[in-house]
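Trainee: Sequence:
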Amino acid sequence: VKDFVKRVKERAIGQDVMEALTPAQLVIKIVNEELTELMGGSQSRINMSPNPPTIIMMVGLQGAGKTTSAGKLGLSLKKQGKRPVLVAADIYRPAAVTQLQVIGKQLDIPVFSMEPGTDAVTIAKSSLNYAFTHANDVVIIDTAGRLHINEELMQELKDIKGQVKPHEILLVVDAMTGQDAVNVAESFNKDLGLDGLVLTKLDGDSRGGAALSVKAVTGCPVKFVGMGEKLEALEPFYPDRMASRILGMGDVLSLIEKAQATFDEAQAKEMEKKFRKDDFTLDDFLAQMQQIKKLGSLENIMSLIPGMGDIKKKLGDREIDLNGKEMRQVEAIIRSMTPKERANTNIINGSRRKRIAAGSGTRVQDVNRLLKQFEEMRKMMKKVKKMQGGRKGFGGFKLPFMH
1 VKDFVKRVKE RAIGQDVMEA LTPAQLVIKI VNEELTELMG GSQSRINMSP
51 NPPTIIMMVG LQGAGKTTSA GKLGLSLKKQ GKRPVLVAAD IYRPAAVTQL
101 QVIGKQLDIP VFSMEPGTDA VTIAKSSLNY AFTHANDVVI IDTAGRLHIN
151 EELMQELKDI KGQVKPHEIL LVVDAMTGQD AVNVAESFNK DLGLDGLVLT
201 KLDGDSRGGA ALSVKAVTGC PVKFVGMGEK LEALEPFYPD RMASRILGMG
251 DVLSLIEKAQ ATFDEAQAKE MEKKFRKDDF TLDDFLAQMQ QIKKLGSLEN
301 IMSLIPGMGD IKKKLGDREI DLNGKEMRQV EAIIRSMTPK ERANTNIING
351 SRRKRIAAGS GTRVQDVNRL LKQFEEMRKM MKKVKKMQGG RKGFGGFKLP
401 FMH
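Per this note's numbering, the very first residue in the sequence shown carries number 1; after that it's consecutive.
If you're looking for bench data, these hints aren't it; they were derived computationally from the structure. Hints are supplied without guarantee of correctness; some may be wrong.
[Stated by the list, open to error] For lysine to aspartate or glutamate, the following EDC-like pairs were computed, each having C-alpha atoms within a straight-line distance of at most 16 Å:
| no. | residue 1 | residue 2 |
| --- | --- | --- |
| 1 | K325 | D284 |
| 2 | K340 | E326 |
| 3 | K269 | D284 |
| 4 | K78 | D108 |
| 5 | K158 | D191 |
Build the full structure now, drawing on both the sequences and the hints.
Mentor: Written out as structure tokens, the structure is:
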């Protein structure tokens, strides 16, 4: 911390600041740049072996999210065209093997396991033969964790390392544990020699301060961050973007990438056509709502947008989850309508509204509010179209699902 403050101070009292039109902004810029450098400067990637398979060991304490992170990493690599296999080498925690098998089934990624009673070193070593015979080019070994660091745990990990000679040893640490995360990282790095870190539970109140300390103490780069419970919620770690988040400046690039990965381009173009023809229905609205829900919690989205931190604080403990009560209520109301009603809301009279409310477990007022909001949205889109003079596209105005 002293070194960091010293570097910022030396730069801040230099001639550049004296000549700046807005010294405060330049100081923030200096802090941002120093934070970025402190966390590694640039993105660190997985070191893929030129001679497959690439072997990755996942290590860490219990409760950090190691097994889930192994699955998330497998999915991330699968999306890059790799053929990963997950290895269940945690033989101590009850249901650890089953948990990995369930994750593997969800992601359509094979899971290698052996008979109960087989030691972890044998499982890890045998998994390499499996990878060779099944053409898997990445082996991700989920090792056992402990409630705290002990010699027995470290010796087993050292034995596995000695037998399989991994290309990457990734430590999974909980971002919420603060200083404890730093101590854990230091111990693991001393005994195993870490290649990188996976920082989990970064979607909560923690803004990532642990990332600063862990990198500074161990010298190991943070390679991935877990941004939620969903198996897609593992993101590459970008020091510059994290620095912006820590300073409350948002992370728009990550939000854009997340949106691009979530929204279907062909469907978006089809929706744009429907808007131009004034042919947007509640079926289309429901489809778009489903895509928006994939982005995750509204709280997480807001944390990536500059200036939204204060709004989050004002909201306090209020429900701001895209998968929350209000979204489920809207979905229930629309699904309680007939296809004709969803296609033409003008036919929904009083008796139909009562039926829809009863079918969705809501009140008639809730149905009325949804129909009113939907109609207002359609009117707004008509105005935008007129402002654009019927030209293709909507100029500077675009909905989230429109490219």
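Trainee: For every hint, state whether the structure bears it out.
Mentor: Hint-by-hint comparison with the structure:
no. : hint        : verdict
1   : K325 - D284 : violated (21 Å)
2   : K340 - E326 : violated (24 Å)
3   : K269 - D284 : holds (12 Å)
4   : K78 - D108  : holds (10 Å)
5   : K158 - D191 : holds (8 Å)
The structure fails hints 1 and 2 (numbered hints given earlier, in ascending order).
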